[in-house]
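Residue numbers (the numbering used here), protein chains in the order written: chain S, -13 to 304; chain Z, 11 to 469.
Just to be clear, a hint being listed does not mean it is correct.
Cross-link-like lysine to any residue pairs, in silico, SDA-like; alpha carbons within 25 Å at most [to be verified]:
1. Lys261(Z) <-> Thr60(S)
2. Lys160(Z) <-> Thr60(S)
3. Lys192(Z) <-> Gln255(Z)
If you only want the chain Z side, here are some residues facing chain S, beta carbon under 8 Å, derived [unchecked claim]:
4. Gln62
5. Pro97
6. Gln121
7. Gln277
8. Ala430
9. Ala433
10. Asn447
11. Asn449
12. Ala467
No lab work stands behind these hints, which were simulated from the structure alone. For each residue, glycine too, the CB sits at the ideal point set by N, CA and C.
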Amino acid sequence: MAITTAPGTTRPGRPARPYAERPRRATGLGRKVRDNLTGHAFLIGAVLCFVVFSWYPMIRGIVMSFQRTRRGETTWVGWDNYLRILDDPSFWPAWKNTLYFTVLALVLGYAVPFFVAILLNEFRHAKGYLRILVYLPVMLPPASALFLFKYYAYDPSEAGLFNAILKALHLPTSEWMQSPEMTMPAMVIASTWMNMGSAVLIYLAALQNIPGELYEAAELDGAGIWRRIVNVTIPQTRLILLLLAMLQIVATMQLFIEPLILANGAGAEDSATSVAYLIYQHGFFQNDLNGAAALGVIMLVVLAGFSAVYARLTSKQD
Amino acid sequence: MSVPQYRKAAALALVAGLGLSLAACSTKSDDDNSDAGGKVTITVDCQPVGSQKELLQNWNADVAEFQRQNPDIVIKSVSVGEQCNNPPDFTARLAGGTVTDVFYGYMTDLQQVLDSGQAMDITEYANKENVPTWDSVDPALKEVFTDGGKLYAVPVKNYSMGLVYNKVLFQRAGLDVNNPPKSWADVRAAAKKISALGNGIAGYSEYSAGNTGGWHFTALLYSQGGQVLTPDGKKADFNNAQGKQVLQNLKDMRYGDNSMGARQLLQWGDLLTNAAAGKVGMFVGAPDSTQAIVSQFQGKFQDWAMAPIPGQDGPAKGTLGGGEGYFFKKGLTPEQVKAGLKWIAYQKLTVGKGQFDYVRAKPQNYPVGLPQPLLFANGSEAQKQELELRKANANVDTANFAIFEATPVAIKGEPRNAQAVYAVLDAAMSGVLTNPNANVDALLKTAEDKVNQLLAAES
């Protein structure tokens, strides 16, 4: 959004004048602030929100991770909380579960929306209705959507929706969330269904920006649908694909609501325990907010490291 | 107004609005504990929520009557939604420093409240002057809220667990409702018959998620004569014959007999919802679980009865007890503490008033006649009065709880760091209830290692 007093922009009714051509005035900080008062005023709101709701809690969390509170007395304990968390028998299984979910979500939750978007883009009729249909699950509150899966789709008896379908197809039924092997795939299916709509719309927007001539040229060269996807669609939407891949990985690493609702927490034999759920356990059930903070910082470092590596790799490619 | 001016005004309004919002979110000042008239004001939580119409009416009537009797005290009631049933909400309020002056907690919360530094030592105020029935309150319950010789909370509820069973399903399965199972072998046999009724009915149902699995493992272990931790509280003590028996019994019923239903990973509300729907023959619970079945999950009182928790081959060697109390926030004035104690005394510890106003509760949809809350010591004057009043106003068939009351089982409290230990034990419970090939020994060993690690870190 353009801010009217920003240097170099146009005020209504006045000709634009490069900043350098303006009469020279005092250049102190106060003058700069005054010159851009409206812009700063708008900025203050956003900055305050970040300070209060994001940065302060983050810094507070980092500080807490080096402290221990007992009997109302807070003391500095160095790396103790981190060592304790690393020793937690659930620590590595939680990371294993989380990474497994992330990989499955990349395979299923990342690829499916892309191909659904391609399909929708190919339709000539009822496009609007189909888009609404795909987007509808996003409008459902996540908790409601997950309860639907929990009680109707994943019911382990033969009355469950998925089991009824499997039975009708003469396929073996599953215990879904009660089976340690099926816990993660089941959570990914539910998560993909819930979140697919937004990704599909973004992909669709990207697909519609691809010049039609490219497809026409490919067709003239005899390219089939698969070749057109590989040689035109994917290269043309590469930036969006990479961006969504990073967002998807960061989001899936914070897996929490799915185990909380679908698996009632840890799931069968801890098969649903994610890192975020372990943080919740430490903070809210084990009277260990400092340990929870340490685990939170570890997660922050891992995700920040991943994002940095990702940013570096993608910037090199560009 | 020109566009730039308009934008400036909008920006300033935005900043001012944000500032006001932040000010509104900031902690309320503590300078309103007494007004100009010398009145003492205290805030108290766990006021029933709006959907609990009768309970809310009762609470408000109690506040009005108490303030009429004590014109120098003002009670500010605070409803905290699900806090009273939900440990995470409680933890958040405690960590955020937003608990009320007099605040509710479980018996297992003492350590957490002490660590938060928000509990006030009320030893010198807890006496007959402020709580007339204080000498009748069971000393064992006072002890639960005592640390280092200092009292931090007043007990307001106490329960012990038994075997809750559905009389209708018992009759349909050809079982004698007056002769409920006395041993786990009896439970297994009865569960088989009940589940044979079909239609998704579980003969016996059990928790295994949301820390409730560990909670019930503890109750079942006590029935076997076991204990969760060593007496010094430093080591796990359930990886033994008794612990193994607990899991083996469940595994046998779940996969040997298929008498526990297909739906597992149940937590509190899940099991009670199934029970209210007539899909559960038996489960381990406290007397007030029948109240929850009726008031929250639309079941019927007359369908349910209760027996002592079974033992392995005969009477149980112990059962789990628990309860609730009210803590006092650090920094209260002596007048506020006294006012808080008087309120708790009136609403929770006076026969004929508040929770013991059985005359008022009788026509309402809340049970009178349950063997609970077991607050007063055996033989005390208050206990005699409470039993008489309960009997005279019972609106549930007390015969349904007669066997449970007539056959007391030794009550054992919850282990140190209970919620953390329960979270670990959930995995053992879910293991035997979701995996037909579960290795009981391995599950117990894993849980033992985790609990030992947890206790070592804690110390």
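Status of the hints after comparison with the structure:
1. Lys261(Z) <-> Thr60(S): Status violated; Cα separation ~45 Å.
2. Lys160(Z) <-> Thr60(S): Judged against 25 Å, a Cα distance of about 22 Å means the pair holds.
3. Lys192(Z) <-> Gln255(Z): holds, 16 Å
4. Gln62: This interface hint is violated because 22 Å lies over the 8 Å limit.
5. Pro97: Hint holds; Pro97(Z) Cβ to chain S Cβ min 6 Å, cut 8 Å.
6. Gln121: Holds - the Cβ of Gln121(Z) comes within 8 Å of chain S, reaching about 6 Å at its closest.
7. Gln277: holds, 5 Å
8. Ala430: holds, 4 Å
9. Ala433: Where the cut-off is 8 Å and the nearest Cβ of chain S is about 5 Å from Ala433(Z), the hint holds.
10. Asn447: With a closest approach of 11 Å, the Asn447(Z) hint is violated.
11. Asn449: violated, 11 Å
12. Ala467: holds, 5 Å
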